[in-house]
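J.: Sequence:
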Amino acid sequence: MNIPLYCMIFFSKVIENTLATLRLIVVANGKKWLGAFLQFIVSLVWVFTTGAVVTGIKEDPFKIIVFAVGSFVGSYVGSFIEERLALGNNMITAIVNPKFYPFIIKQLKKEHYGVTILENNEQNKIILLILIPRKQRMEVTDIIMKHDPNAFISAEKVVPISKVHRRHQ
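Each residue of the sequence shown is one higher than the one before, starting from 1 at the first, in my numbering.
Calculated from the structure, these hints are not laboratory results. Some hints could be false.
Claimed, not checked - List time: in silico SDA-like cross-link candidates among lysine to any residue, alpha-carbon distance up to 20 Å:
(1) K31 to K135
(2) K125 to M91
(3) K135 to V77
(4) K125 to A151
(5) K99 to L129
(6) K135 to P160
(7) K31 to V42
Stated by the list, open to error - Computed Cβ-Cβ distance ranges for the label pairs, DEER-style:
(8) V54 to K146: 49 to 59 Å
(9) T50 to S79: 17 to 27 Å
(10) T50 to M91: 38 to 48 Å
(11) G51 to Q136: 37 to 47 Å
(12) V47 to L87: 22 to 32 Å
(13) T55 to P160: 43 to 53 Å
(14) Q123 to M145: 11 to 21 Å
(15) Q123 to K146: 16 to 26 Å
(16) E122 to K157: 24 to 34 Å
(17) V47 to F103: 54 to 64 Å
In this text the structure is predicted, and so the values were computed from the model without any measurement. For glycine and all other residues, C-beta sits at the position ideal for the given N, C-alpha and C.
With the hints as extra help, turn the sequences into a complete structure.
T.: Below, the structure written as structure tokens:
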């Protein structure tokens with residue numbers, strides 16, 4: 001058994017798959033150059049790791065298992081890191097009871113969130129649209145649920161098509 005080689009294969013695959021997962025996320029958020037750079041690193045790591053695995057594979061097939069386990073762990077680690085980074089924006093849509101929405105709006109505005117309010121008179125519901133950085137999704141959801149525990153809340157990934165330019169005051 002070649003423990004140092006197994007460790008190198010395992011950790012290389014963890015790094016490779018973590019970076020590959022993050023690459024997908026950054027490209028989906030419009031960061032093409034960063035995505036291309038991460039792919040460059042992923043490719044280098046893949047070539048060296050795969051070369052280490054296929055060399056002498058008949059004599060040491062355990063390298064295949066280490067390779068696969070490293071891929072599994074790397075994929076999980078990449079997803080975990082991406083969740084913590086929470087890149088991008090979300091559009092929160094909340095359907096709330098009209099009697100609670102003034103309290104929700106007051107709290108959201110106090111916390112400096114912009115809100116668009118749509119009224120659905122047929123169903124006696126208020127629809128709130130809130131564009132936020134994804135990192136703030138739970139904070140906004142908590143505010144809404146605190147005031148209306150029966151609110152329906154959904155979040156969608158938002159990719160801006162145009163940017164609003166604001167003057168600094």
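J.: Indicate, hint by hint, whether the structure satisfies it.
T.: Outcome of the hint check:
no., hint, result
1, K31 to K135, "18 Å, holds"
2, K125 to M91, "18 Å, holds"
3, K135 to V77, "18 Å, holds"
4, K125 to A151, "10 Å, holds"
5, K99 to L129, "17 Å, holds"
6, K135 to P160, "17 Å, holds"
7, K31 to V42, "16 Å, holds"
8, V54 to K146: 49 to 59 Å, "56 Å, holds"
9, T50 to S79: 17 to 27 Å, "22 Å, holds"
10, T50 to M91: 38 to 48 Å, "41 Å, holds"
11, G51 to Q136: 37 to 47 Å, "44 Å, holds"
12, V47 to L87: 22 to 32 Å, "28 Å, holds"
13, T55 to P160: 43 to 53 Å, "47 Å, holds"
14, Q123 to M145: 11 to 21 Å, "20 Å, holds"
15, Q123 to K146: 16 to 26 Å, "23 Å, holds"
16, E122 to K157: 24 to 34 Å, "29 Å, holds"
17, V47 to F103: 54 to 64 Å, "58 Å, holds"
Checked against the numbered hints listed earlier, the structure breaks none of them; every hint is satisfied.
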